[in-house]
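Take a look at the letters that make up each chain.
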Amino acid sequence: MTPAALLDVQGLSLEFRTRTGVVKALEDVSFTVAKGEIVGVVGESGSGKSVAAFAIMGLLEDTARITSGAVSLSGIDLLADGRGALRDLRGREMSMIFQSPRTALNPIRTIGRQIEDVLVRHGPVARKEARGRAIEALRRVRIPDPERRCDAYPFELSGGMCQRVMIAMALACDPMLLIADEPTTGLDVTTQAVVMDLIAEIVADSRMGAVLITHDLGLAGEYCDRIVVMHAGHVVETAPAAALLARPSHSYTRQLVAATPAAAATIADLASIPGGMPDLRRDDLPYCRFEARCALREPICGAEPTPTHVVGAGHDVRCWRPA
Amino acid sequence: MTPLLEASGLARHFPVGTGRARGMLHAVDGVDLVIGRGESVGLVGESGCGKSTLARLLGRLIEPTAGALRFDGADIGGIPLRRFVGAPDRARIQMVFQDPTESLNPHFRVFDTVADPVRRLLGVRDARTIDARVARTLELVGLTGDFAGRYPHQLSGGQKARVGIARAIVVEPELLILDEPTSALDVSVQAVILHLLADLRSRLGMSYLFVSHDLEVVRLLCDRVVVMYLGKVAEAGPTAALFAAPRHPYTRSLLAAVPDPERRGPPPPRLSGSPTSPIDPDPNRCRFENRCPRAQPICATHIPELATVGAGHLAACHFAEPQPTQRET
Numbered sequence: 001m002t003p004a005a006l007l008d009v010q011g012l013s014l015e016f017r018t019r020t021g022v023v024k025a026l027e028d029v030s031f032t033v034a035k036g037e038i039v040g041v042v043g044e045s046g047s048g049k050s051v052a053a054f055a056i057m058g059l060l061e062d063t064a065r066i067t068s069g070a071v072s073l074s075g076i077d078l079l080a081d082g083r084g085a086l087r088d089l090r091g092r093e094m095s096m097i098f099q100s101p102r103t104a105l106n107p108i109r110t111i112g113r114q115i116e117d118v119l120v121r122h123g124p125v126a127r128k129e130a131r132g133r134a135i136e137a138l139r140r141v142r143i144p145d146p147e148r149r150c151d152a153y154p155f156e157l158s159g160g161m162c163q164r165v166m167i168a169m170a171l172a173c174d175p176m177l178l179i180a181d182e183p184t185t186g187l188d189v190t191t192q193a194v195v196m197d198l199i200a201e202i203v204a205d206s207r208m209g210a211v212l213i214t215h216d217l218g219l220a221g222e223y224c225d226r227i228v229v230m231h232a233g234h235v236v237e238t239a240p241a242a243a244l245l246a247r248p249s250h251s252y253t254r255q256l257v258a259a260t261p262a263a264a265a266t267i268a269d270l271a272s273i274p275g276g277m278p279d280l281r282r283d284d285l286p287y288c289r290f291e292a293r294c295a296l297r298e299p300i301c302g303a304e305p306t307p308t309h310v311v312g313a314g315h316d317v318r319c320w321r322p323a
Numbered sequence: 001m002t003p004l005l006e007a008s009g010l011a012r013h014f015p016v017g018t019g020r021a022r023g024m025l026h027a028v029d030g031v032d033l034v035i036g037r038g039e040s041v042g043l044v045g046e047s048g049c050g051k052s053t054l055a056r057l058l059g060r061l062i063e064p065t066a067g068a069l070r071f072d073g074a075d076i077g078g079i080p081l082r083r084f085v086g087a088p089d090r091a092r093i094q095m096v097f098q099d100p101t102e103s104l105n106p107h108f109r110v111f112d113t114v115a116d117p118v119r120r121l122l123g124v125r126d127a128r129t130i131d132a133r134v135a136r137t138l139e140l141v142g143l144t145g146d147f148a149g150r151y152p153h154q155l156s157g158g159q160k161a162r163v164g165i166a167r168a169i170v171v172e173p174e175l176l177i178l179d180e181p182t183s184a185l186d187v188s189v190q191a192v193i194l195h196l197l198a199d200l201r202s203r204l205g206m207s208y209l210f211v212s213h214d215l216e217v218v219r220l221l222c223d224r225v226v227v228m229y230l231g232k233v234a235e236a237g238p239t240a241a242l243f244a245a246p247r248h249p250y251t252r253s254l255l256a257a258v259p260d261p262e263r264r265g266p267p268p269p270r271l272s273g274s275p276t277s278p279i280d281p282d283p284n285r286c287r288f289e290n291r292c293p294r295a296q297p298i299c300a301t302h303i304p305e306l307a308t309v310g311a312g313h314l315a316a317c318h319f320a321e322p323q324p325t326q327r328e329t
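Residue numbers (the numbering used here), protein chains in the order written: chain A, 1 to 323; chain B, 1 to 329.
Isolated chain B, as found in the complex:
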């Protein structure tokens, strides 16, 4: 069976600077990614690593500089954005955005926010059909009662997050791209929204691409995790395997940085320094080389390719052998 979404060599470069300081910022640089039907894939990495840009490329909100994008077997990467907005596939890929306040139109009541994509993307004109569809969706996300008539400023953060989700799922997409949907919420509200997302996926059979910098949230919600570093995929694998036996040194330091209430005594080794510039990076040098605790001379002259290191588990490192203490079972 063909995968739902397949990206190959996907890249997005942004021109920056003027005059002699002009360069190309390689936000996303040759990413291969597959999302299966009904699969939930987590995308993690530091801020500035290109995960939001990749999410926008996959959601067809911005044009790629290079690479191919196939959705349900059809090439959608070649369709200009202007045409894609009106294409039937637009309703099949939907996005939920990070800030629930900024991403809602303050002049739209909840009903209009949720009804808008039904009219625009599905072309439904019949008022009763729209009413029924909006009501059903609001019930799905737990907004029953008089919420349909409210404006965003009359809602709490958690309720706004629910409206953002309702707007995306009202057209019954097959792929839902969630860009840090809970990062602005309190833990108690976050827990409720995470349960809602898990429940919606099992009921509606959607695939998820879940972008987050919170590894623990990804662990709970995703079947597979993709770790990005400076525009490239550093490691990808099944959630359990990646958390139990991370292969890329970057993934290891990312996991070691998660707060551990059990820890007493000296902290584990931390990542020092900051990432190298994403502007015109050396194509032969491993992007992580300057911060890597295991860097060798070869890392500065040969960029490692993604290679299989286990069942469905890939890592882009010359030294991706398992750690002696964390042998895979």
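Here chain A stands alone, though its shape is the one from the complex:
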């Protein structure tokens, strides 16, 4: 564990109460993010990666209940503080970039005005100075002609431009932590490359920490220092990006790597992961939630709590039989 962890998530468990039962969305989730580090959180839909991000940001719905665990941002307990305190941190010290920028932006306010709102609410910025600062923020994400674009509405900009506006807004108050939830889903590969280069550059320059939530292992491999693999609410493997891709140790990670089209030479090499995730409403969830899909399954996997093994430097695997 790095001593200077900026974000520290320890043993976080979370449930959603629904009409059809209690969904155990996260169980014992732990990971850290250091300053200047990009940590990728990877998994299929339903693995709990977005829920974890919402829990950190304090954006959970009322039906969610955190049953155990701790989340702290540079020593400040994010779960203990009242909602008001969290509201002050959110936006100023930590901010989030959402999927589909066009729906995350307000369609009837100019983008400059929306950035000004963030500055006035969270920063010690007067409305009079806000416009200049908003233009500055747009220039930082390399939007051409920011003075004019400031007065544009979201519908007048392309998807890639809107995502840059989201980034500008998230970075306007120089947060310590940036959470990007699938920031490039729906963008073209060429635009994705430009947006990701920009995020990587800003993180490196400003020494903030970042969490990149994605289902694309290739993207996480290129831009992240470390990768956290999630499956059905569990962290199954954590490792430096290069080590994870070169020597995936959990059988889920191995199958995820093999199912990525970029890793396959021909269609015959493309692996598919059998089955689906277990129903997280079940009362009799096995200790290993991957058990039913795993080719290396043994009786002990479902019957006893899964241990975490250290298989390399900073490389942890939650499995009885790590490779």
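A few of these clues could be false.
Said to hold, decoys possible - Have a look at the derived ranges for each label pair, beta carbon to beta carbon:
no., chain 1, residue 1, chain 2, residue 2, range
1, B, 36, A, 45, 35 to 43 Å
2, A, 76, B, 263, 34 to 42 Å
3, A, 76, B, 319, 50 to 58 Å
Hints were generated in silico from the structure; no laboratory data involved.
C-beta: ideal position from N, C-alpha, C; glycine also.
Since the structure of chain A is already known, use the hints to place chain B on it.
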């Protein structure tokens, strides 16, 4: 042997704006494309480049503004859409759509969704024949058991994608046009659907036109790739040659933008700026000129034609010579 589908000079323009801002949006602008029997052709490009419009033109879902379309040697481009819906060729070209949720009728059970084209396009009335045909097709796409009686909301994303494929192949088309069939799916489900598509093609001998923005998926599934940029074909060639030695600068930047987990250090040069407007473009100017790293004065005054640069390999660029580092073998 005549190719299965042959498009020449195919174009589709949409009127946009009002008053003085009125113009013509050139979504597809003079595309020549050939799909051979049993061939799988990939169509790639950025969003807004016209690839979905081209897919709809080739699938005869919208009328072209200009150009000719021949299917199995017969001119089908001249038949009005209203008549084509009832023509026997309608069943021979089928489409699989992007969003498996939006493209299924929520009031139709899986059985009705798949049976509908059998009744409408093949005119089959006998209930037992329809039952047998639907059951066989659902088995082909791996939906066995009680799936026939379910509604779309009772299915997962991958299962809905299978229903979309079943609906298209139940009439045994010769050409299947797939418009981003896996872009809404998780990698694990995507892998299963890609295997299914590869398997169906080898079993049923269909031709594919596979529209995608995911170059890696196209590489796995297609024999030939067509790269589009702003309504025009920038490059076309055999998959292996195009990936190993791309000739058009746009194709090169497209390939360089694919995430590379091995990469460390500074990123490769990226495409800057955005495409020029597709509304009333300058007919003499290369569409890629404003973003091209190799642009010369000639590119602004003469639009490059598609020219042969290798075996079955075409590129529309004045400077399409191979890169010194990527010489063709």
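Evaluation of the provided hints:
{"no.": "1", "hint": "B/36 - A/45: 35 to 43 Å", "in the structure": "37 Å, holds"}
{"no.": "2", "hint": "A/76 - B/263: 34 to 42 Å", "in the structure": "35 Å, holds"}
{"no.": "3", "hint": "A/76 - B/319: 50 to 58 Å", "in the structure": "57 Å, holds"}
When each numbered hint is compared with the structure, no violation occurs for any of them.
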